[in-house]
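J.: Based on the sequences and whatever the hints tell you, model everything.
Under numbering that gives the first Met the number 0, think of the first position of the sequence shown as 0, with each following residue one higher.
These are calculated hints, taken from the structure and not from any lab test. There may be inaccurate statements among the hints.
With beta-carbon atoms standing in for the labels, derived distance ranges [what the hints assert, rightly or not]:
#1 Arg114 - Pro64: 19 to 25 Å
#2 Glu113 - Gly72: 18 to 24 Å
#3 Gly95 - Glu23: 27 to 33 Å
#4 Ile93 - Glu47: 21 to 27 Å
#5 Glu47 - Asp102: 34 to 40 Å
#6 Gly84 - Glu55: 23 to 29 Å
#7 His21 - Gly86: 30 to 36 Å
#8 Ile93 - Glu50: 38 to 44 Å
#9 Ser96 - His21: 34 to 40 Å
#10 Gly95 - Glu32: 16 to 22 Å
Cβ atoms here follow ideal geometry from the backbone N, Cα and C, with glycine treated the same way.
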Amino acid sequence: MSDLLPGTPQSSGWVAVRCIFHSELDGTGMYEERVTLWRTSSMDEAVERAEAEAHEYAAILSTPPADPTEYVGLAQAYLLSDTPGDGAEVFSLIRGSDLEPEDYLDTFFDTGTERQHDVGDPAEPGEADTAPNRDNVKT
Numbered sequence: 000m001s002d003l004l005p006g007t008p009q010s011s012g013w014v015a016v017r018c019i020f021h022s023e024l025d026g027t028g029m030y031e032e033r034v035t036l037w038r039t040s041s042m043d044e045a046v047e048r049a050e051a052e053a054h055e056y057a058a059i060l061s062t063p064p065a066d067p068t069e070y071v072g073l074a075q076a077y078l079l080s081d082t083p084g085d086g087a088e089v090f091s092l093i094r095g096s097d098l099e100p101e102d103y104l105d106t107f108f109d110t111g112t113e114r115q116h117d118v119g120d121p122a123e124p125g126e127a128d129t130a131p132n133r134d135n136v137k138t
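T.: Encoded structure:
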C-alpha cells in the first residue's frame, strides 16, 4: 500500500482506519464497523497499529469466551487532510454502483438489521442494556 498516491492531499499527520468485527447475539450474526484514529502520516503504520488494537478489542469483547468477537481481517485506511476536530472528515469510501440512492442505502447501510434508531427516538427496549456504546444513530 503506497502511503501517498498522486493527487492525495497533504497529510495532517492523522490516519483513520476502519476495521470489521463479527460476533453473534442471540444466535444472530452481528458485524461492527469501527473507525479508529492514529497519529501518523504512514497508512501502513496506521493499519499495522489498528490491526493490533483490533485483536485486543475483539479479545476484550469476547468475554465470556462463549460469545466470541473476531476481527475479520479487513482494514481500510484513510489519510486525513484535516486535523481531527469539529467537522473534520475522518473517513471516506467511494464505491461504484448502478443502484438508485434509496436502493443503495437499503443494500449497504439501512437493511433493517442494524442496531440503530432515529435521532430523537428512544432506543428499543433492552437495546441500551446489551450494547450501550455500539448502537448507531441515523437521521
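J.: Each of the hints needs a verdict: does it hold here or not?
T.: Going down the list of hints, with the structure as the test:
Between Arg114 and Pro64 the CB atoms are about 22 Å apart, so this pair conforms to the stated range of 19 to 25 Å. Roughly 22 Å separates the CB atoms of Glu113 and Gly72, a value that falls within the hinted 18 to 24 Å. Taking 27 to 33 Å as the suggested C-beta distance range, the pair Gly95 and Glu23 conforms, at roughly 32 Å. Ile93 and Glu47 have their C-beta atoms about 24 Å apart, which keeps the hinted 21 to 27 Å range intact.
For the hinted restraint 34 to 40 Å between Glu47 and Asp102, the CB-CB distance of approximately 37 Å keeps it satisfied. For Gly84 paired with Glu55, a C-beta distance near 27 Å keeps the hint of 23 to 29 Å intact. A C-beta distance of roughly 32 Å is found between His21 and Gly86, which places it inside the suggested range of 30 to 36 Å. Separation of Ile93 from Glu50 is about 23 Å and departs from the stated range, judged on CB atoms against 38 to 44 Å.
For the pair Ser96 and His21, the beta carbons lie near 24 Å from each other, so the given range of 34 to 40 Å is not met. Our hint of 16 to 22 Å for Gly95 and Glu32 holds, since their Cβ atoms are close to 19 Å apart.
Hint compliance for this structure: hints 8 and 9 are broken, all remaining hints hold.
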